[in-house]
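Engineer: One letter stands for each residue in the lines below.
2 protein chains.
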Amino acid sequence: MRMSSSFATTPVPPYYTVIFSSQRSAGDKGYGAMAERMVELATQQPGFLGAESARGGDGFGITVSYWDSLEAIAAWKAHLEHQVAQAKGQAQWYAHYELRVAKVERAYGKSPD
Amino acid sequence: MRMSSSFATTPVPPYYTVIFSSQRSAGDKGYGAMAERMVELATQQPGFLGAESARGGDGFGITVSYWDSLEAIAAWKAHLEHQVAQAKGQAQWYAHYELRVAKVERAYGKSPD
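Order-wise, the sequence lines are chains X and C.
For the first sequence, the numbering used here gives the first residue as 166, with consecutive numbering after it.
For the second sequence, the numbering used here gives the first residue as 166, with consecutive numbering after it.
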């Protein structure tokens, strides 16, 4: 679930974010292909601003996606192909997950020289 | 930078979060020990609700911490020992990082049976 670059390039706040923390269950079971497809599909959605993702060797991962509105997040959640992936995620891919929707109010960083 | 459990147990929203995305530079240079100490110290701060962290083999990682107020986040940022760590992070440990402060408005998940 890697984007072309690790870091998302986001506009000046405010904007919205979905923080998805998950523990993968054992075995791929089609997860890798679906995860790639979901990233590809997400980037095509109206209001998508970017995403960042990391998963350790223990299978615990965090994916943070950024959106210009709560409506864009709701539309992505309701997307049919994404709904199929969500159902598979619940049933097969994730032993545990937590999802949080938040409004980004402030942002800063250090970019490479 | 692993907590005793991977998932943070957070209250019903609203609460605040700091999303810290980072690319580690090569070599440990004291990073591991300091990261552990910062987790230990963060958990002792007023208003700290929990944290989650994942880093892939490529050195790209995301740490999300949760707080009960913006004041608690500001106090943690200003903590003297944390300021030393921040300076080392900028100078030595991170090739690139992005930090976002956000207000969690909604949360749900799937816990193990």
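Since the hints were derived computationally from the structure, they do not count as laboratory data.
It is possible that part of the hints are untrue.
Identical chains share a label here; the pair holds if one copy fits it or two copies do between them.
[As the list claims (entries may be wrong)] Heads up, simulated SDA-like pairs for lysine to any residue below, C-alpha to C-alpha not over 20 Å straight-line:
(1) Lys275 with Glu205
(2) Lys268 with Ala239
(3) Lys253 with Lys275
(4) Lys194 with Pro277
(5) Lys275 with Gly192
(6) Lys275 with Arg202
(7) Lys268 with Ser190
(8) Lys275 with Gly224
(9) Lys268 with Glu205
(10) Lys253 with Pro277
(11) Lys194 with Gln251
(12) Lys268 with Gly195
(13) Lys268 with Gln251
Engineer: Could you run down the list of hints and mark each one as holding or not?
Structural biologist: Now the hints, each set against the structure:
1. Lys275 with Glu205: For lysine 275 and glutamate 205, the Cα distance exceeds 20 Å both inside one copy (27 Å) and across copies (25 Å).
2. Lys268 with Ala239: both (14 Å within a copy, 17 Å between copies)
3. Lys253 with Lys275: Between. Shortest inter-copy distance 13 Å satisfies the 20 Å Cα cut-off; intra-copy 37 Å does not.
4. Lys194 with Pro277: between (37 Å within a copy, 19 Å between copies)
5. Lys275 with Gly192: between (37 Å within a copy, 19 Å between copies)
6. Lys275 with Arg202: Neither: 30 Å inside a chain and 22 Å across chains, both beyond 20 Å.
7. Lys268 with Ser190: neither (30 Å within a copy, 30 Å between copies)
8. Lys275 with Gly224: between (28 Å within a copy, 16 Å between copies)
9. Lys268 with Glu205: neither (24 Å within a copy, 27 Å between copies)
10. Lys253 with Pro277: The answer is between: 15 Å across copies meets 20 Å, while 38 Å in one copy does not.
11. Lys194 with Gln251: within (14 Å within a copy, 40 Å between copies)
12. Lys268 with Gly195: Neither: 32 Å inside a copy, 34 Å across copies.
13. Lys268 with Gln251: neither (23 Å within a copy, 24 Å between copies)
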